[in-house]
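Peer 1: The residues making up each chain are set out below.
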Amino acid sequence: MYLTLLNGTGFVFNVDDYMELRSKHRIMGAPVGTANTKGWSPNQSTLPVELTKFETQLVLDENIAKLMDKSQDLKAKPTAEKLEKYKADFESRLLGQEEALKTEKLRETERYMEKILTGKRKKLLKQGKTEMAAALTADDVLKEMSENFKFDRQNALVEVPCEHLRNHSAQIVTGTLVDISCLKYRIFKDLWKRGKFVTSGDAFGADFLVYPGDPLIYHASHIVIVLEKPVIKPLELVAKVRLSVIVNKSCVFAFEKENDDGIQYQSVAWCNPSK
Amino acid sequence: MDTKTLDSEIVEIHPKNGYLSAKELIAHRHSEFEPQSGGLKRTQNEGTAPELEELRRAQEQLRAQLSVPRIERLGGRALAIWNDEQKVAEVLRKDGKFENFGYSEQGRLYLEYYEAMFLLELGRLQLEYYGSVVSIEQAYVLLLGKLESEKYTNYLVYSALSRAGYIVVRHIPPEKTPEEVTSADCIWALLKETVGNEPVPDHIKTSPFYAVVEKRMEDIKELITSQKTEDSKITKESIDLEFDSRKRKANEKPIEEPPSKKEKLSIAGRSLVDQLKNEMSYSKLEEIFEKFDIIQLKSVDDTKEDTTELSSLKITFDLHLHNEGFKKSSPKPPTFNVIILPSQTSFPPHDEIAKIQNHHTAPLLVISVSESKQIQAFLYYIS
Amino acid sequence: MQFSFPCKRKRCFHKNVNYTPFPSCENGERHQGRFTGLSVEIIDPVQAKSLYDSGCFGKGSKSRGGPASGDEDETLLLGLEESCFLAYYLNTLEITNLAGSSMDFQVFLEAAKKLNERFVENLACYLYLKSKNWVIKSGIKFGGDFLIYKQSPRLYHASFLVIVQTSCDTDYYQSKNLKGVQRVAETSDKDVLLLTVHRPKDVLSPKVLQETTVTETIVRRFNYLTFVQSKQQ
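Residue numbers (the UniProt record's numbering), protein chains in the order written: chain A, 1 to 275; chain B, 1 to 383; chain C, 1 to 233.
Extracted from the complex, chain A is given alone in its bound form (with noise of 0.2 Å):
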C-alpha cells in the first residue's frame, strides 16, 4: 500500500487502502476531502484522509504501507508522447460513450413515454393530421429518437477521479517523521498495540482517546492524558478528572517513571466518598 506525502504527513486517497487501514489495522485517520453530494451535514468530509504524524510513522513502522512522494512527476511537464495519450485516451472515453448515451436516452424516453405521446399526438391534432395521431406508437417515438440521436460531445462524462488513476511514478520518502523515542509517540504505540483504536484527544483536551473497537459503533472508553514528568499540580488533575466524567470515560495518566523504561498507566476515578 501506499501512502502520498502532502503536509508532511501520509494521505490515503483510494477507498479500498483507506478500509483495509481502518478496518485490519486500526488506523482512522481523519477524512479533510470536501464532500459534493447533499446527504451530507456541512460537518462532514471524505476522502482523501489525512492520517497524523504519528498514525503514519505507526504504519511505517510496522510495514504497512510506504510514504511515497509524487511532486515530481505529478507537477513536471508531460512528454509530448505521453500528452497525446492522454488525450487520445480522454477522447476515446467521451466518443465510447455515445453508445451508452444513446440507450440511456431511450431509457429516459421510455420512462416520460405517456407524456410524450400525448405531447406529440396533440402537436399531430393541431396540424390536422388525426389520423397520423391515432396511429401513433411508443415504438414510433423510440424510433424516432434513435434515428435523431446526436451525440454532442459536451454532453458526454467526465469523471474526477479522487486517486490519480494515470500510471506515474513516486519516490520512496525514508527516515522518520516524528522522533520515535519521544514519550508521546511512544505511549501511542503502546496504546495501539494493545489492540485499541487510538485518535487524538484535543477537542477535549486530553493527549488521546481510545476505543474498544472501530469508532463507527464504540464509544471511546478512555481519555489518556501524557505526562512528561510523573508529577501533576493538583488543580490540573482534577481538571483532567472532571473532564473525564463530564464526557462520561475513564481518565488515565500515561507516564514513564525515571530510570524505568517501562510505561506506567494510572487510572483516576472521581468518587463520592460519603455514597
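Hints may be right or wrong, so weigh each one.
In the EDC-like style, the derived pairs of lysine to aspartate or glutamate whose C-alpha atoms are separated by at most 20 Å in a straight line are [claimed, not checked]:
(1) K105(A) with D351(B)
(2) K77(A) with D84(B)
(3) K189(A) with D179(A)
(4) K298(B) with D351(B)
(5) K16(B) with D16(A)
These stretches of chain C come out as covered by chain A in the derived footprint (C-beta under 8 Å, 3 or more residues) [claimed, not checked]:
(6) 141-153
(7) 164-177
(8) 183-194
Anything over 12 Å on all C-beta distances counts as not near chain B; from chain A, calculated [said to hold, decoys possible]:
(9) T109
(10) Y112
(11) I116
(12) K120
(13) E131
(14) L136
(15) E144
(16) D190
(17) E228
(18) V241
(19) F255
(20) Y265
Simulated from the structure, these hints should not be mistaken for laboratory data. Just so it is clear, the structure is predicted and the values come from calculations on it, not from any experiment. Glycine included, every Cβ here is placed at the ideal spot set by N, Cα and C.
Use these hints to put chains B and C onto chain A, whose structure you have.
Peer 2: Below, chains B and C alone, put in the same frame as chain A:
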C-alpha cells in the same frame, strides 16, 4: 521531519482501478448518498455476532459514503487552468453561481488555491494542467503541496465555513481612511465647512447620509432665519445625531464627539463582570465595597504608542453573510475577522487580542483546528 | 458581539430577600477563627451561622454548603482568601494559630503562600471580584480557582469559573487546556473567566495590593453553524 526523497528509490505506480466505464458513468451520475442515522454506540467490545454484523454494515455504509464519484457533463462544469508558478487557477469558463468566487485582474478571472480546491471537490470545477484533467490527488500535490503548510488548515476552515453558509474571502485590512461615515460625521463636516471654511472631504460627500443631512441642516437654518415659530414637520424629524448608536455598558461619560469606531467592541476600561453593582445590596453598602476596591482593571490608554503596535496574529479570512448584499467590488465591513489556529498552537493571550481590536472593528472569531480535524470557533471578550 | 450573561436562578423555596453581603461584628467583637494549617476554622456555631448567612462565607465541615448537618461537632471552614479578606480588609475576623496567638497580615500571608504559591494573585482576584459584589467559592471541583455567584449558591447557579493567572503564565492558553476547561464549564452552563494579575513583587501590608492590576479575558465557544442558519431566515 527527518526524511529524504532526493536520492531514494523511484517507483512506478500503476493504479489498480481504472476509469469508470461509460455504463458506470451513467449509472452513478446522480448517485447521492443517504446517511442512515446510526443506532446507539456500544461501550463494550465482546466480539459477538450481532456486533460484528453491526460493524460490517456500518463499514459498508462508510465505504459507500467515501466512494461517491464526481461525475458531470463535459460542458456542465466551470473550467480553469492551474498556473503553478503563480499558484493560482485561471478561469476559462464559469458555471452557474460564480459571483462570490475569484478575483479579477487585467480582465481575467482567477481563483485562489482554496477556492479552486473547494470547487473542484464539490464537482463544480474541471481543473486542467498541461492539457489534461487534474485528479483530486494531483490537485492536492499542486495546490496544497507536500510540505507541512498552513494551506491545509486554511482550506479546511474555508471549506467548513463556506458549506455552513458564509461568504469567505481573503482578509482585507481596513483602510486608514476608514470607517463608515455616519450621519453624525456628515453633520460635523458640514459645520466645519460653514464655520471653519474647511471643505467637506470626499469620502463624506459620497456617503448616502450626506444629501439627507445637508437638506435637513438647510431646513433648520431656514427655520431659524425665517423665525417661524411652528413647523411641527421639521421638529419631529429632528436630526438623529445617533451619538449613542453603539451599544455600550452603563456608566458612560457624557460624550461631546461622535464616538470613534475603535471603541465599538473593545470595551476597554470597562469590566466584564460589573453587573452585580446594579444590585440593591451593592448600593446600600457602597461605602464598604469601595473600601476594598483597590485592585484596578488594567487600562489601555489609546494615546500610548503601544496601541499602534501590530499583533503577531494573522487574520486570514473575512466572513460575510449571504443576504446582506455582498459585492466583491465594494465590500462592506465583514461580519467577522477570522484567525486560524492550527493544532497544538496556543490561544492568543489578552494583549494580542487587544492589539488586534485596536485596528479592526469586526468581531474576532478564533478558529481552532484540532489534530482530529475538528473545527471549533471561539469568541473573545476582553477588558 | 455584545457580551451578555444571564444569572441563572435556581428553583428554591426560601426567597432570601434580605441579602446581606457582609457579616457585621456583634458588639464590636470580631469573629474568632483558628488557622489549622489548611483552612481557618470557626468553632462557635453562632459565629459560624453569622458568617455563612451574611455573604456565604465558608463551608460546613460536614455539609455540602453551610453548616447544616445538625451535628454538634460541625464547624465552619473558611478558605484562605476569604479569611484574609474578613480579617484584614473587613476587620470582622481575628485569626489565631493553633497555639492561640493572633496572626497578623504578614504572618498569615507567609503561611498561606506555603500552601499555595500563588496566594497573592488569588487574593488580588478575590478582592477584585468581591468589590463587585460577587460571592466567591472554591472552583476546585471544576479544575479552576474560583466559582463566582450572584448572591448565593443556593439561589443562583455559578456564573463564572475563574482561573487566576500570573502575568507570565501561559498554561491555560495551550489549546488543549483551554478547550478542556471550556468544555467542563460549558456543560454546566458557565463561562470561563481568565484573570491575569500584574502585581508588585512584595506585599507587606494589605494596602500594597493597590498597585495591582488585572486584565479580564472571557473565551466562549461560538456555534458558527447555528449562527449563520439563524441569519438565513
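Peer 1: Each hint needs a verdict: does it hold in this structure or not?
Peer 2: Hints, one by one, checked against the model:
Taking the CA atoms of K105(A) and D351(B), the gap is about 66 Å. The hint is violated against a cut of 20 Å. Distance restraint check for K77(A) and D84(B): the Cα-Cα separation of roughly 11 Å lies within the 20 Å cut-off, and the hinted pair is therefore satisfied. At roughly 13 Å between alpha-carbon atoms, K189(A) and D179(A) fall within 20 Å of each other, so this suggested pair holds. Taken as a hint, the K298(B) and D351(B) pair is honoured in the structure, with Cα atoms around 11 Å apart against an allowance of 20 Å.
A distance of roughly 10 Å separates the Cα atoms of K16(B) and D16(A); the hinted pair therefore holds under the 20 Å criterion. Counting residues of the region 141-153 of chain C whose C-beta sits closer than 8 Å to any C-beta of chain A gives 5, which meets the bar of three, so the coverage hint holds. With 3 residues bearing a CB less than 8 Å from a CB of chain A, the region 164-177 of chain C meets the requirement of three and the coverage assertion stands. Counting residues of the region 183-194 of chain C whose CB lies closer than 8 Å to any CB of chain A gives 3, so the stated coverage by that chain holds, three being the minimum.
With a least CB separation of 15 Å from chain B, T109(A) remains clear of the 12 Å interface cut-off, as annotated. Every CB of chain B is more than 12 Å from the CB of Y112(A) (nearest about 16 Å), matching its label as outside the interface. Under the 12 Å C-beta cut-off, the non-interface status given to I116(A) relative to chain B holds; the minimum distance is some 20 Å. Every CB of chain B is more than 12 Å from the CB of K120(A) (nearest about 25 Å), matching its label as outside the interface.
The Cβ of E131(A) lies farther than 12 Å from every Cβ of chain B, with a closest approach of about 38 Å, so its non-interface assignment holds. For L136(A), the requirement that its beta carbon stay farther than 12 Å from each beta carbon of chain B is met, with the minimum near 28 Å. Listed as outside the interface, E144(A) is consistent with that label: its C-beta sits roughly 22 Å from the nearest C-beta of chain B, beyond the 12 Å cut-off. Consistency note on D190(A): stated as away from chain B, and its beta-carbon is indeed over 12 Å from all of that chain's, at 18 Å minimum.
Against chain B, the non-interface label of E228(A) holds: every CB pair exceeds 12 Å, the least being about 15 Å. A cut-off of 12 Å between C-beta atoms confirms that V241(A) is not in contact with chain B; the least separation is 19 Å. Residue-level check passed: F255(A) sits 20 Å from the nearest beta carbon of chain B, beyond 12 Å. Distance check on Y265(A): its Cβ is at least 19 Å (rounded) from any Cβ of chain B, clearing the 12 Å threshold; non-interface status holds.
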